[in-house]
Amino acid sequence: MLTIVYFAWVRERIGLDEEQVARPDAGTSIADLVAMLAARGGGHAEALGDATRLRAALDQRFVALDSPIGDARELALFPPVTGG
Amino acid sequence: MKRVAVQAGDFDVATELAALEALGGGGVASFTGVVRGGGGLVALELEHYPAMTQAQVDRICDEAMARWPLLGLSVIHRFGRLEPGARIVFVGTASRHRAAALESCAFLIDWLKSQAPFWKKEHFADGAAGWVEARAEDEAKAKGWIG
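So the protein sequences, as listed, match chains U and A. 49 is the number that my numbering gives to position 49 of the first sequence; each next residue is one higher, with no gaps. 31 is the number that my numbering gives to position 31 of the second sequence; each next residue is one higher, with no gaps.
Think of the hints as simulated: they come from the structure by calculation, not from any bench. Here the structure is a predicted model, which means the values were calculated and not measured. Hints may be right or wrong, so weigh each one.
To be verified - Simulated DEER-style distance windows between Cβ atoms:
#1 Pro84(A) to Asp25(U): 48 to 58 Å
#2 Gly37(A) to Gly27(U): 47 to 57 Å
#3 Pro68(U) to Ala14(A): 45 to 55 Å
#4 Lys2(A) to Phe62(U): 32 to 42 Å
#5 Glu21(A) to Arg23(U): 43 to 53 Å
#6 Glu19(U) to Pro84(A): 30 to 40 Å
#7 Gly70(U) to Gly144(A): 29 to 39 Å
Note that beta-carbon positions come from the ideal geometry of N, C-alpha and C, so glycine has one too.
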């Protein structure tokens, strides 16, 4: 299983802080998984439909969306950060 | 000295500056970010990624310490619901010379804006609320420190 955590409007649109999904095949990129999740429709489609608005972290490190998920335990999906 | 704190509570700027001044350098620089009022804003809500934030801010601090000869630095970033006028973030740096202190302070706040996992939501008096959009300008500023 892979844990996915969501933040900010991604979390609000999906309606979940986190969820578990079946671990995708080796080599699946974050963008591939995002497209699969968006295809569920509903809040997932609203939150994840436009991947250009998303940023990601694997095991608490920022990575590009075309990165393979590999054996990471936690994927985070969120909008561009606005701290400081 | 490296102090990194991610907390809900407020902090005391004088106490933070005194700790940096006590390090024996010739220069201390600091930046304090405060919730900007106006436009009917009643509160800013800061969400963050608890499992990542501390480690990520720590990495940003290590980067600053690798680039400038610093005697010490402090970064404090708050989360939760903050009202206009409340302090959000503090960055302080101490060095033997002013250039290193000033430049590293600017670097740290630019990187915190685009490299630390925080998100701001604005709440207004009429009940409206919305997530703050990242500004391309902030991303460009952070990138300006690369290379």
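Checking against the hints above, which ones are violated? 4
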